[in-house]
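There are 4 protein chains.
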Amino acid sequence: MLYFMNDYSEGAHAKVLDALIKTNMQQHVGYGMDEITGDAKMLIKKSINRLDADVHLTVAGTQTNTIAIAHFLRPYEAVIATDLGHISVHETGAIEATGHKIIEMTSKDGILTPAMIDAAILKHADEHWVLPRLVYISNATEMGTIYTKTMLEDLRKTCDQYGLYLYLDGARLANALTCADNDMTIEDVANLTDAFTIGGTKNGILFGEALVVTNNALKEHMRFSIKQRGALLAKGRLLGVQFKALFEDDLYFKIAKHTNEMAMLLKNGVLELGYKLVTPPSTNLIFVVLPNSVHAKLKELCHYEAEQPYDENNMEARFVTSWATPKEDVLQLLKLLKDFKEI
Amino acid sequence: MLYFMNDYSEGAHAKVLDALIKTNMQQHVGYGMDEITGDAKMLIKKSINRLDADVHLTVAGTQTNTIAIAHFLRPYEAVIATDLGHISVHETGAIEATGHKIIEMTSKDGILTPAMIDAAILKHADEHWVLPRLVYISNATEMGTIYTKTMLEDLRKTCDQYGLYLYLDGARLANALTCADNDMTIEDVANLTDAFTIGGTKNGILFGEALVVTNNALKEHMRFSIKQRGALLAKGRLLGVQFKALFEDDLYFKIAKHTNEMAMLLKNGVLELGYKLVTPPSTNLIFVVLPNSVHAKLKELCHYEAEQPYDENNMEARFVTSWATPKEDVLQLLKLLKDFKEI
Amino acid sequence: MLYFMNDYSEGAHAKVLDALIKTNMQQHVGYGMDEITGDAKMLIKKSINRLDADVHLTVAGTQTNTIAIAHFLRPYEAVIATDLGHISVHETGAIEATGHKIIEMTSKDGILTPAMIDAAILKHADEHWVLPRLVYISNATEMGTIYTKTMLEDLRKTCDQYGLYLYLDGARLANALTCADNDMTIEDVANLTDAFTIGGTKNGILFGEALVVTNNALKEHMRFSIKQRGALLAKGRLLGVQFKALFEDDLYFKIAKHTNEMAMLLKNGVLELGYKLVTPPSTNLIFVVLPNSVHAKLKELCHYEAEQPYDENNMEARFVTSWATPKEDVLQLLKLLKDFKEI
Amino acid sequence: MLYFMNDYSEGAHAKVLDALIKTNMQQHVGYGMDEITGDAKMLIKKSINRLDADVHLTVAGTQTNTIAIAHFLRPYEAVIATDLGHISVHETGAIEATGHKIIEMTSKDGILTPAMIDAAILKHADEHWVLPRLVYISNATEMGTIYTKTMLEDLRKTCDQYGLYLYLDGARLANALTCADNDMTIEDVANLTDAFTIGGTKNGILFGEALVVTNNALKEHMRFSIKQRGALLAKGRLLGVQFKALFEDDLYFKIAKHTNEMAMLLKNGVLELGYKLVTPPSTNLIFVVLPNSVHAKLKELCHYEAEQPYDENNMEARFVTSWATPKEDVLQLLKLLKDFKEI
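Protein chains in written order, with my numbering: chain A, 54 to 396; chain B, 54 to 396; chain C, 54 to 396; chain D, 54 to 396.
Pulled out of the complex, with its shape left as it was, chain A reads as follows (with noise of 0.2 Å):
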């Protein structure tokens, strides 16, 4: 059986399993305030250039994404991102628990714009609505398109113009780094977000998020937040072992780049087999519009998503690639992918 799934198949990087089982029988103080985790913090300040940002540890994108966005507003304060955004799909309502509501415009491709910032903020009057507060973006976005450097910097115009917080989810932000269609370095991403996440779990360690804060103002008390939603892991060290790890030798950019060139692989195979693409991706999450007498035989031999209905004959299926994917598995899967069309 093939694994296109999703890019959380496996476990951990050798390197990274290394590093917890050499670790393993050290005794260290609990809850992130042991020496490791001071070592990766400093490691991910200097790669984003930033000593004066803070740096935490957390276990999962939905928690962190709770826990930033709950500490950063205030009751009536709202949530502006894409009707696709993790959080306004994916998340099981885990924004509006805390109380926020999430403000969502329509778009196609992932991809959050000046204009619908722009439009959300036109129609928020007054009181009687919600107020408009934080931006939310992915990058990678969830359809695997990724922000230039100036669309980033146009957000942040906006964003400051109507004083609203940048904040982006990097749940695959290593994968949108090291793609060929980037131009942004990690220091932009820092410099022009207020808050922003470095996804672990989808790039080759056990579990793990950081979240960056480099916004004096939401700062504050954040671990009081942490703990609250139940993400001050016992032994924090597990968190620090393993993004240390990443961060030394660049072992986290390296493990993108790996994963990128899969997609791409794939990406092009299947563009040459004369299937269609739902979006065009810059990274490892490819949407194919599959003929549905395709998926009925690939599914036999591949796990991937089935997203939804394409149309009548087709549908949208979600190939994902990932750090521990092999060669020979995208090849098998083009092979397939061209032996079932053939028929």
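Since the hints were made in silico from the structure, they are not lab data. It cannot be assumed that every hint is accurate.
Quick list of simulated restraints, FRET-style, between CB atoms [as the list claims (entries may be wrong)]:
{"#": "1", "chain 1": "D", "residue 1": "241", "chain 2": "C", "residue 2": "167", "range": "42 to 50 Å"}
{"#": "2", "chain 1": "A", "residue 1": "384", "chain 2": "D", "residue 2": "71", "range": "28 to 36 Å"}
{"#": "3", "chain 1": "C", "residue 1": "362", "chain 2": "D", "residue 2": "272", "range": "38 to 46 Å"}
{"#": "4", "chain 1": "D", "residue 1": "206", "chain 2": "A", "residue 2": "176", "range": "55 to 63 Å"}
{"#": "5", "chain 1": "C", "residue 1": "214", "chain 2": "D", "residue 2": "360", "range": "18 to 26 Å"}
{"#": "6", "chain 1": "B", "residue 1": "92", "chain 2": "C", "residue 2": "78", "range": "21 to 29 Å"}
{"#": "7", "chain 1": "A", "residue 1": "86", "chain 2": "C", "residue 2": "310", "range": "54 to 62 Å"}
{"#": "8", "chain 1": "A", "residue 1": "244", "chain 2": "C", "residue 2": "210", "range": "40 to 48 Å"}
{"#": "9", "chain 1": "D", "residue 1": "360", "chain 2": "C", "residue 2": "202", "range": "35 to 43 Å"}
{"#": "10", "chain 1": "B", "residue 1": "268", "chain 2": "D", "residue 2": "241", "range": "33 to 41 Å"}
{"#": "11", "chain 1": "B", "residue 1": "346", "chain 2": "A", "residue 2": "176", "range": "22 to 30 Å"}
Ideal Cβ placement from N, Cα and C applies to all residues, glycine included.
With chain A's structure known, arrange chains B, C and D on it following the hints.
What follows is chains B, C and D alone, placed relative to chain A:
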């Protein structure tokens, strides 16, 4: 200055005010446990022909929607409503503040259709999404349109199919049920929904809504929710006195009839003058496409709501009639609209 | 039947009712943006001699406490109050329902002391605990006792030492400020707290509280919180009319003076008859240790609250006087207490 | 430096770590729908002899308590717990952040008694109070004490009498069930509660709790709550692998037995040396009355928690043993305690 701003510009209908004056020095127990409130509830139960219903008297509309929906739902459950629904746009995120997402379906005329519910259900596949659980509609809608009996029956069927509660916001229920296009009784409303409200504030009393719960599964402990949301009025008798006055001698419906007559007088006059309507209304909200030049003059002589630009040369103006609108005021407004147009 | 159940058994004082009648058919913009509300707020600002204060008129007490405290606090911040505080025990967990813990300090007489704050702060060491941030007191307290100016000054100092907000629930503020034991003015209250309320419901109006915010850091966007919590009354002018009547000619204080005089008449009479008090009150809540035998007879002729058993042979009875209590009723109650005791 | 700070200072037991290493490159579906997690859940169900139970694997303790309690309760319902309960004092108000009050009953040894429940119920009379609905206990308690079978049966009876759910926080359940004073099995725990947790983090795994729900009325849609609270781990298999290792060959209980033996060695040694205990513990939390002079020296050579002052000359020190504590460390700590005392 003419007043077509809303249907809550004046105080209370004379009969309601008289009842308040007459009972002012009576001594009653607090929090709605008094006899008069008991009488009022019984009158409402008889009016809807459901002696088994639970009736609660609350102060205001946003408050009542919040109480009801927060009481009915589990933390991960969500509401389906139109994107024009009062809870979607004019309650400062009150529903989200209690932790529940509103799944907003695009609508032009404020009407929610079974097809919209189908679409919402189809999309919410598993535990990564919120669980749709309650359908919110307003009758009359926020656009002045209404549901026919068939429409409400179809919604009921769709809700039953998916295990959804049907909740009807009746802030302007009296207007809906007394307008020319209506074919429903208040009994129908009670029988086809799980819970609904009977709005008083916009129909001749100082303040007050009746929350009616007919579904047994939703009844228990409602007074706890009312108190927790700050709606258990110390002098609860004030609500009893007012609703008793409303539901004696059908005052509730008589008042609304006048409101609707004034609205139709205005609507027909406006159309005769050659103005366009944004949406053809059945009740007392008249959305008129007003040339900017007319607006510039009219706004000096009449209060009404300038909703938003319609196009470059026109804006959407909302004119509202009420129980207190004199015929002369409508005629004078029409005269102004005529004069300003001719120039 | 005599009525000593509470201070909200009747409707409104004649002057307040007259003002409502007189303005009934005036047309006003909604949601408290009308002129009368403006006048009322200005009268309150002048009365407290703080033209810089923000004043908001809301409907009910629990509602107002919820709005204020939820508006002031971040998600992980908590309230310090006594275990007798209205928010601790009589608001159905409304504060917790907005996400905030109340740290309850044991008190016999309803008074919160600086030593209690010290103890609460000492215990809450780090991010594993909530962060104490607001001190809630009531004046008069739920036991009918009051704060002297020195006591309030000491609380202010303690709050400043720890960076805490001081919020005073003035549901019965008029009674506190007009009783014999009082040495404070309403100006003192305004100057020594960050925010406080001026209760109307229990002092002669139909319903209504004024929320006064003097600390600039707490003012912003309060109307959003008021609307979100369902307290932005459509016919907001009703609150304006009533508070204007209250703050013209010092009616607010005159009413309370009568209430207190009736209370002291009752208290002294009760003591003369040889009954014991649970707590010596300064205002209009008289907690009497009532022999069960007396209670058995008295309850047939008089409404009052039977709080809880005092010991095997006695219970705690709460007698409350109000703006509407006639002297004759107090004398008759005392006569009953005398008669039932002698037998 | 010696380590008696807590029972989560090291990583994982060798068998658990091995299982993680061995399964690292296996491909599994996400979010706990994998086979290994299925196996782990089945092992747990067999261990508690309740195949009908629902078992969910979550990441951390505060998180699990929050999920469970928020899932079980309606908005106006409250928890009864001791004032030493983990949710009362060490979870940053996480329960209140979901909207629910904790009614805290004073306890010296961390044990909640039926009499405390009686008292809480008696006080909460009507809808002006929260509605007590769930009893929270910890076993072992936060003071290292435990419930006997009779004590738990009595709590069950009291809960049934008042219609309360009984929820047991088993963060240190293994320690409770393997200590000398214990007379219960894990089956008893399953049969006498409505839901309980089986703590992993403090008993030899990297992280993880099992939430067991035996009451059918509480089971539905739990995965929605888990996801909404950010606890649905992408690589859910990590929890499955660890719990499978724990519940094969009774490793779960073997580990705890060692922990308890080390604790008893320490406890007996401490008593022999003439030190006093704050509370006689049954498990691995030893609260010692430590003279300030001893503390001043000891803290330079050993990590442990200095809880709070005991009196002028002494403080309360908490020493914790764990699955990884070597006997030599206990002996060395006792030697230090002896040396510092003699001087």
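Here is what the structure says about each hint:
1. 241(D) / 167(C): 42 to 50 Å: At roughly 48 Å between Cβ atoms, residue 167(C) and residue 241(D) fall inside 42 to 50 Å, so the hint holds.
2. 384(A) / 71(D): 28 to 36 Å: holds, 34 Å
3. 362(C) / 272(D): 38 to 46 Å: At roughly 41 Å between Cβ atoms, residue 272(D) and residue 362(C) fall inside 38 to 46 Å, so the hint holds.
4. 206(D) / 176(A): 55 to 63 Å: Holds - the Cβ-Cβ distance for residue 206(D) and residue 176(A), about 60 Å, lies within 55 to 63 Å.
5. 214(C) / 360(D): 18 to 26 Å: holds, 24 Å
6. 92(B) / 78(C): 21 to 29 Å: holds, 27 Å
7. 86(A) / 310(C): 54 to 62 Å: holds, 59 Å
8. 244(A) / 210(C): 40 to 48 Å: Holds: the Cβ-Cβ distance is about 44 Å, inside 40 to 48 Å.
9. 360(D) / 202(C): 35 to 43 Å: holds, 39 Å
10. 268(B) / 241(D): 33 to 41 Å: Cβ of residue 268(B) to Cβ of residue 241(D): about 39 Å, so the range 33 to 41 Å holds.
11. 346(B) / 176(A): 22 to 30 Å: Check passed, 25 Å falls within 22 to 30 Å.
When each numbered hint is compared with the structure, no violation occurs for any of them.
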